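*Asks:* One letter stands for each residue in the lines below.
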Amino acid sequence: MIRKRPLGLAKRAEIRLFSLIISFFLVLCLLACSSHDRIAGYVHYRINYNPTTLDPAMIVDVTGGLIAAKIFNGLVRLDENLEIIPDLAASWDVSRDRKTYTFHLRRDVRFTNSRTISAADVKYSFERILDPGGKSPNTWVLDKISGAKAFLKGERSEVSGIKVTGPYTIQINLEEPFSPFLYLLTMTAAYVVPVEEVKKWGEDFASHPIGSGPFRLTEWKHNNHLLLERNEDYFGGMALTKGLRYRIIPEDLTAITEFELGNLDSISVPASEYRRIMKRDTGNNLVSSMEGINTYYLGFNCSRPPFDDIKARKAVAHAIDRKMILETFYEGRGRLAHGPIPHILRRWDAPVPPDYDPAYARRLVNAAGLKGKKIQLYVTADPEVVDIAEIIQAYLGSAGLSVIIQQLEWSSYKAALNDGEADMFWISWWADYPDPENFLFPLFHSSNHGPSGNRTRYTNKAVDALIEAGQKSSSREKRDHYYRAAERAIIEDVPWVFFWHKTDITIRQATLRNYRMYPIYSIDKGLEVSF
Amino acid sequence: MIPLLTGITFITFSLSKGLPGDPVFSMVGERSSPEIIEKIRKEIGADKGIIRQYAGYVTLLSRGELGRSYYTNRKVVDELSRKLPNTLLLAIAAMAIAVPLGILFGFFAALQKGRATDKIITILSASGISMPVFWSGLLLMLLFSLRLKMLPPSGTGDLRYLVLPAITLSLPALATLIRVTRVTVIDVMDMQFIRTARAKGLTETAINAIHIMKNALIPVITVVGLEFGSYLNGAVLTETIFGWDGIGRYAMEGIIKRDYPVIMGCLLIGTIVFVLMNLIVDIIYHYIDPRVRLHGTDR
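Protein chains in written order, with the numbering used here: chain A, 1 to 531; chain B, 1 to 299.
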């Protein structure tokens, strides 16, 4: 009798193990249909974070703002040339003293719940922002209206400066003439909302926004995606695409993978992928860029030593080769700043900020008695910012300054800046509206120290007066005259080292048509883009 | 459980409030007046003393509520009840991969002790423990999504979306389980009772399945319990890379923004989950190891 030799224990286990691995991958292959993840007819975009809220009263982030722009409308809006154009208001008149604005509303606009919009809705929406019991952080957008401050304090039951003078006419009176007032009305906080929906949803209106825009929100899977379906009754004409899908993808490399697979139609190019994508795009013209309305800067705490001394500030400004950093580290993804105001908004000759002069910087360091003194540079935990901080540290080190980098996460960083803890800090300012005033008043006026925007605590009464004069001026020429003078004075005082205006760079799929970039998120209503 | 939760909530409440940073500054954006900051601080109760704030929170809890997020204004309870099933699904899927494979590879390595296969498995498990998930996750994504076009790289949804994050999350647990199983099986194999079993004429399969495996399982179950418990509290990196909507990302965002109701909500759920997991592990011990059975239950 021939007996089969039994397989050894190890051998049998080996075979079992091998078959298990094979079956695991087979199951995986069966499960795996494809990497395709699209909704037909929808344009797919990426956003980095889940929008915190879509209630216009509460939005302070760009992500929330760009989606709200598709769902809501204001009285006026910006066109692609940054000019004010009608939105809900068909026309408007401004009184001779420039304190009274009368808006004549279109009569054919309806919220997506089918109710027609009237002047009372505008009044309700504006008073909602200023509601003394509300939590809106955007009260500053409308507090120039007369009676707004008294209403905000709970001293009045309505804002005296907002008058409904007819079903489709609303009059807004300002305390004082304020030249960028119409720009303020293009902002998210000034969007018009339906009272009945706000009351119906209460605090949950933030997740169930209803407006009159070209799209309506049909699904919001938090931290996953938002679906916006086109509003076929939109008064400004129907969007060319069936809908928009915003995918929430926090990780850059994941987003790039989704784009490469065709699951996203357009993405902002992350810094880590910039060189590869630019190389690949040669001749395809799928990459677009747009100089953003922003300014990146190194701010000094001007309210205490050592940077209350202009020599110390100048020493730092002359010690750093900004152009070199922009061209090498930043790979040219921006334009060198000549002052606080972005080039797009400056209608006068570019001023000349302190140039790179290491020898002069060293002399100034000695003159200011700064040699060997420890200086705290506060930055956020963003890896790119930390790299920039180290570069700055090296430049200042060669000038004889000893810089200690304090890296904080965003919430602590803002608290430290608002409390004036930092000697120096790296930060940027992005436009709320496209007017030079937005880069002067909040950032340099002495009434705005700390959380209102002037984190350097810069104080110059002459600059205050120039900015105020610009705000009250009637003509663009006069405004420019004051703003130009204010900018020049600021550059001479060196409260910041002006670095650059960052350029936004996006890449799109070849199938996407009429895709455009806009310098301010609210301009894009999503009407033109199509396949 | 109640005293434990009270203690934990009080400690973390005090600690998180003691951290530098203020949620109000992030809530108001880049431009806000001190009056508005004060007003919002009052609205969210941040102007009160810490004891009064804690008392307020406990009152809220006694009503079965967890409050609303400062930023999104959404109810923390709703958010958690939406995210917890996702986290649970991911954790179960990861453990479903890690546990059988980990025990199997570990057992196999122990049987092959000293041979080439054992060495390979040991090296692979050591790299599995050392490999951070943000790296292994991206490698898997590049292979299965970008190259093979088999699986979607990110999102929360059906089974297709689950595979990659589950494999990524399972890798460290898998590696740990292989090592723990291997070591304990080797220990058990040398014990007297195994030689006795062999002398009794039992087959190798019976010895492996009944005697070695059952005895080797005890430390393995401890590891599984701990790993599973930590997965149920969310896997921040895996969830972020694969865009999975789970508790980990939610808690992380809460911490970064100092969104106290979110932090406390996540912590409360986390504590309950951890306590429950420990309880379950203890109960399993009871069935596997006669030594830990309560006196009287054997009668």
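No lab work stands behind these hints: they were computed from the structure. Treat the hints with care, since some could be wrong.
Quick look at which bits of chain B chain A covers, simulated, 3 or more residues with Cβ under 8 Å [claimed, not checked]:
| hint | region |
| --- | --- |
| 1 | 131 to 144 |
| 2 | 150 to 162 |
| 3 | 261 to 270 |
Computed cross-link-like contacts, DSS-like style, restricted to lysine-lysine with a CA-CA straight-line distance of at most 30 Å [claimed, not checked]:
| hint | chain 1 | residue 1 | chain 2 | residue 2 |
| --- | --- | --- | --- | --- |
| 4 | A | K221 | B | K48 |
| 5 | B | K42 | A | K135 |
| 6 | B | K149 | A | K200 |
| 7 | A | K199 | B | K75 |
| 8 | A | K242 | B | K149 |
| 9 | B | K149 | A | K123 |
| 10 | A | K373 | A | K149 |
Since this is a predicted model, take the numbers as computed values, not measurements. In this text, a Cβ means the ideal position worked out from N, Cα and C, and glycines have one as well.
*Asks:* Compare the structure with each hint and give your call.
*Replies:* A quick look at each hint next to the structure:
Taking a C-beta to C-beta cut-off of 8 Å, the region 131 to 144 of chain B contributes 4 residues in contact with chain A, enough for the three needed, and the coverage statement holds. Interface restraint, the region 150 to 162 of chain B with chain A: holds (10 residues with C-beta to C-beta distance below 8 Å; minimum three). Counting residues of the region 261 to 270 of chain B whose beta carbon lies closer than 8 Å to any beta carbon of chain A gives 0, which falls short of the minimum of three for the stated coverage. Taking the CA atoms of K221(A) and K48(B), the gap is near 35 Å; set against the 30 Å cutoff, the hint is violated.
Taking the CA atoms of K42(B) and K135(A), the gap is near 10 Å; set against the 30 Å cutoff, the hint holds. For the given pair, K149(B) sits about 45 Å from K200(A) by alpha-carbon distance, which is inconsistent with the 30 Å threshold. Pair hint K199(A) plus K75(B) holds up; C-alpha atoms about 17 Å apart against a cutoff of 30 Å. Proposed proximity of K242(A) and K149(B) is supported: the alpha carbons are some 27 Å apart, at most 30 Å.
The suggested pairing of K149(B) with K123(A) is violated, with an alpha-carbon distance near 53 Å, which exceeds 30 Å. Of the pairs offered as hints, the one joining K373(A) and K149(A) is violated, with about 46 Å between alpha carbons and a cut-off of 30 Å exceeded.
Hints 3, 4, 6, 9, 10 from the list above are not met by this structure, while the remaining hints are.
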